[in-house]
Each structure stands twice: as structure tokens, then as C-alpha cells.
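Chains A and B, in that order, are what the protein sequence lines are.
Just so we're aligned: 102 in numbering that gives the first Met the number 0 is position 103 of the first sequence, and the numbers increase by one with no gaps anywhere.
Just so we're aligned: 184 in numbering that gives the first Met the number 0 is position 185 of the second sequence, and the numbers increase by one with no gaps anywhere.
These aren't lab readings, by the way, just hints derived from the structure by calculation.
Each hint should be verified, as a subset may be incorrect.
Stretch-level coverage of chain B by chain A, calculated; a stretch enters the list once three of its residues show a Cβ under 8 Å from a Cβ in chain A [said to hold, decoys possible]:
hint : stretch
1    : 80–87
2    : 108–121
3    : 170–177
4    : 198–209
With beta-carbon atoms standing in for the labels, derived distance ranges [unchecked claim]:
hint : chain 1 : residue 1 : chain 2 : residue 2 : range
5    : B       : Leu159    : A       : Ile69     : 23 to 33 Å
6    : B       : Asn71     : A       : Phe63     : 18 to 28 Å
7    : B       : Lys186    : A       : Ala80     : 18 to 28 Å
8    : A       : Pro34     : B       : His188    : 23 to 33 Å
9    : A       : Thr33     : B       : Trp102    : 19 to 29 Å
10   : A       : Leu14     : B       : Leu67     : 13 to 23 Å
11   : B       : Arg187    : A       : Ala80     : 15 to 25 Å
12   : A       : Pro34     : B       : Ile4      : 38 to 48 Å
13   : B       : His160    : A       : Pro34     : 48 to 58 Å
14   : B       : Lys3      : A       : Tyr36     : 36 to 46 Å
15   : A       : Tyr36     : B       : Met192    : 14 to 24 Å
16   : B       : Ile4      : A       : Ile69     : 51 to 61 Å
17   : B       : Glu228    : A       : Leu76     : 23 to 33 Å
Being a predicted model, the structure only gives us computed values, none of them experimental.
All C-beta atoms, glycine included, are put in the ideal place defined by N, C-alpha and C.
Listed below, chain by chain, are the residues.
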Amino acid sequence: MTITQQMITVGMVVLGTALTRFLPFLIFPAGKPTPKYIQYLGKVLPSAVFGMLVIYCLKGVSIFSGTRGIPELIAILIVIALHIWKRQMLLSIAGGTICYMLLVQMVF
Amino acid sequence: MKNKIITMKKAFKSAFPHTIPIFAGFLFLGMTYGIYMNVSGFSFWYPMLMSLTIFAGSVEFVTVNMLLGAFNPLQALAMTLMINARHLFYGISMLDKYRGLGWKSIYLIFGMCDESFSINYTAEIPEEIDKGWFMFFVTLLNHFYWFMGATLGGIFGSFLHFNTEGLDFVMTAMFVVIFMEQWMKEKRHMSAMLGLGISLLCLIIFGADNFIIPAMLVILIVLILLRKEIEEEEGEERHK
Chain A
0 MTITQQMITV
10 GMVVLGTALT
20 RFLPFLIFPA
30 GKPTPKYIQY
40 LGKVLPSAVF
50 GMLVIYCLKG
60 VSIFSGTRGI
70 PELIAILIVI
80 ALHIWKRQML
90 LSIAGGTICY
100 MLLVQMVF
Chain B
0 MKNKIITMKK
10 AFKSAFPHTI
20 PIFAGFLFLG
30 MTYGIYMNVS
40 GFSFWYPMLM
50 SLTIFAGSVE
60 FVTVNMLLGA
70 FNPLQALAMT
80 LMINARHLFY
90 GISMLDKYRG
100 LGWKSIYLIF
110 GMCDESFSIN
120 YTAEIPEEID
130 KGWFMFFVTL
140 LNHFYWFMGA
150 TLGGIFGSFL
160 HFNTEGLDFV
170 MTAMFVVIFM
180 EQWMKEKRHM
190 SAMLGLGISL
200 LCLIIFGADN
210 FIIPAMLVIL
220 IVLILLRKEI
230 EEEEGEERHK
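Model the full assembly from the supplied sequences, consistent with the hints where possible.
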């Protein structure tokens, strides 16, 4: 990517983020109830989107070649275990990442 | 003028303690983000300016991938809208609180990341404290922590002499944790499972480079189509 293309890409992300934050204030007039289907999506969309993002992070993993996704699987299990155990966001993230780094650098 | 300064000072003193946990979190995640950008081949200017202008953690990690891939501004916009769609719902919850504060309103809405929203939405601000300035300082401090972490990470990333291979897993770990937090908060997991399942299916069908937009559309359509079932399920759960 050229510098200009990078600036456009980042600009799009800035624009998209600002849009999601400002839009409700622009479309819903003060003091009126929010439409039902918007409330519904507000409730159910986040879980699905975070599920999608987990898959997005793993899109480059091939189960038929290389390390077959084994380090990723082990590290994710560690993240899950740590998080169930202590429920400390930073600990789970740091622990899982360090384990993954050790796995890909030393074991696989 | 003097009164105004006293009001601001009071609000700052009251707001600061609420942001201490975020200080630790943002410094750590921000630095990881800065280091991640650095080892991906970007100078510290990138995390510095991006943390300042975007100020949305998860999407900034994803932007690194976008910058490394082929130029596709529409996909960048669509992806951002989908990842940050939850902000729409924060906004809906903050309609009354963030309105009518003049120029502060603009900044509060601009800086409404997950953490600023959670504090400003839940904090019980004492009567004698100016609410507008309180929320302003919460947002400003969070913004500053994130900016500082990202910039430091970007600068010191190049001085790191240990092997950083595998550091990019931090993004996966972060989303797994956020996903789990969401999962633990809800009684029924229909939407979470749909998100995982549909995305996986689309990944298999469309391949790694093209699956995200079909996945977003299918998720949105299926959630709208299943509205009755999902709401009934939750309703039943509530009656038990």
C-alpha cells in the first residue's frame, strides 16, 4: 500500500468508528423511546460479532498444513482455563499470548 | 473563572480513581498494540496517530491487518462498522447523559469506547460534582492512557531484542476473552453460537480473504429472521 492508500484506510476506520458513535444522537430525537428492533439488535448483536472476530483472528490457520493449528488450539484452551479460573482479563490475555509465543518459538 | 477552575478540579479528582483499572489495562494493551504495529513494520507514528484518531482498541488491531493486506477502503469501512456496531447501542443508552453539554458532548461521543461507556454509564456521580466535566475527564484520561501505551509500544518495539514471533496472538487472546465475558453475562448463547458457526461456515466457503462481509450479512439476516425465536427463548428464561 502507498502512504495515500494507508491514509485512506485509516480514514475509513476513523469515519466508521465515529459513525457508530454519533449516529444514535443524530437519528433518535431526545426524549423518544428507541424502536424495538434496534433494542433487540443491541442485545443480540455483540455476542455474534465477538464470535465472528474470534474466527477472523484464526482465519490464517490451516488445519491441513504447517503446525495444523495445534499451537493456536492449546493457547486458546489456556486463555479459556485462565479466564475461568481467575477471570482477570489481562492475566488471561498475557498468559495465553506468552504460552503461544513459547509454543511457536520452541516447540513447533 | 475561578469557580470554573474549582469545578473542573473537583470533577477531575472525583473522576480519576474510576479510571485507575483502565490505566493498567490500556497501558498494557496499548503497549502491546504499539509493539505489534512496530514488529509488523510500522513506525511509532502509526500507533500514535491511530490511537489518537480512532480510539477503539479492537478495531485498531484489525486495522494493522488491513494495512498489511490489499487496499480495500470499502471493506475497511464495513469491517469497522460491524466491529463497532455495539457503539450504536452504547449511544442509545447515553442519549440523555451525553446531550446538552455543548462542545463536551462532541468529545464524549467521539471518545465513547467500551471502557469510557462502562464508567460513565454506571458511575454514581456525587451531587456536588459537575457531571459533564466528570464524564469529560473519564474519557480524556482513558484516551490519554491508550495514546500513551500505543506510542510507548511503538517507540520501544524497535528496541526489543527478544523474539517477538507469535506476539500477534494477543489479538486472538483478547477477542477470546471478550467473547467469554459476553458469554458469561448471558443466559442463552444462541447469538454467540450463530456468530461462531456462521463465520466458520463462511470462512470455509469463501476463503480467508473474502469471508468477512458475507459473514456479517448472514449474521445480521439470521438474527433478524430469528428475532421471534430468540426473544421467546429469553422471555421463557426470564419466567423460570
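We went through each hint and held it up to the structure:
1. 80–87: holds (count 8)
2. 108–121: holds (count 3)
3. 170–177: Satisfied; 8 residues make the cut.
4. 198–209: Holds, because 4 residues of the stretch 198–209 of chain B bring their Cβ atoms closer than 8 Å to Cβ atoms of chain A.
5. B/Leu159 - A/Ile69: 23 to 33 Å: The hinted range 23 to 33 Å holds for B/Leu159 and A/Ile69, with Cβ atoms some 26 Å apart.
6. B/Asn71 - A/Phe63: 18 to 28 Å: The hint (18 to 28 Å, Cβ to Cβ) holds, given that B/Asn71 and A/Phe63 are roughly 27 Å apart.
7. B/Lys186 - A/Ala80: 18 to 28 Å: Between B/Lys186 and A/Ala80, where Cβ atoms are some 23 Å apart, the hint holds.
8. A/Pro34 - B/His188: 23 to 33 Å: With a Cβ separation near 25 Å, A/Pro34 and B/His188 satisfy 23 to 33 Å, so the hint holds.
9. A/Thr33 - B/Trp102: 19 to 29 Å: 26 Å, holds
10. A/Leu14 - B/Leu67: 13 to 23 Å: At roughly 20 Å between Cβ atoms, B/Leu67 and A/Leu14 fall inside 13 to 23 Å, so the hint holds.
11. B/Arg187 - A/Ala80: 15 to 25 Å: 24 Å, holds
12. A/Pro34 - B/Ile4: 38 to 48 Å: 43 Å, holds
13. B/His160 - A/Pro34: 48 to 58 Å: Holds: the Cβ-Cβ distance is about 55 Å, inside 48 to 58 Å.
14. B/Lys3 - A/Tyr36: 36 to 46 Å: Since B/Lys3 and A/Tyr36 have Cβ atoms about 43 Å apart, the given range 36 to 46 Å holds.
15. A/Tyr36 - B/Met192: 14 to 24 Å: Since A/Tyr36 and B/Met192 have Cβ atoms about 21 Å apart, the given range 14 to 24 Å holds.
16. B/Ile4 - A/Ile69: 51 to 61 Å: 60 Å, holds
17. B/Glu228 - A/Leu76: 23 to 33 Å: Roughly 31 Å apart at Cβ, these two residues keep to the hinted range, so it holds.
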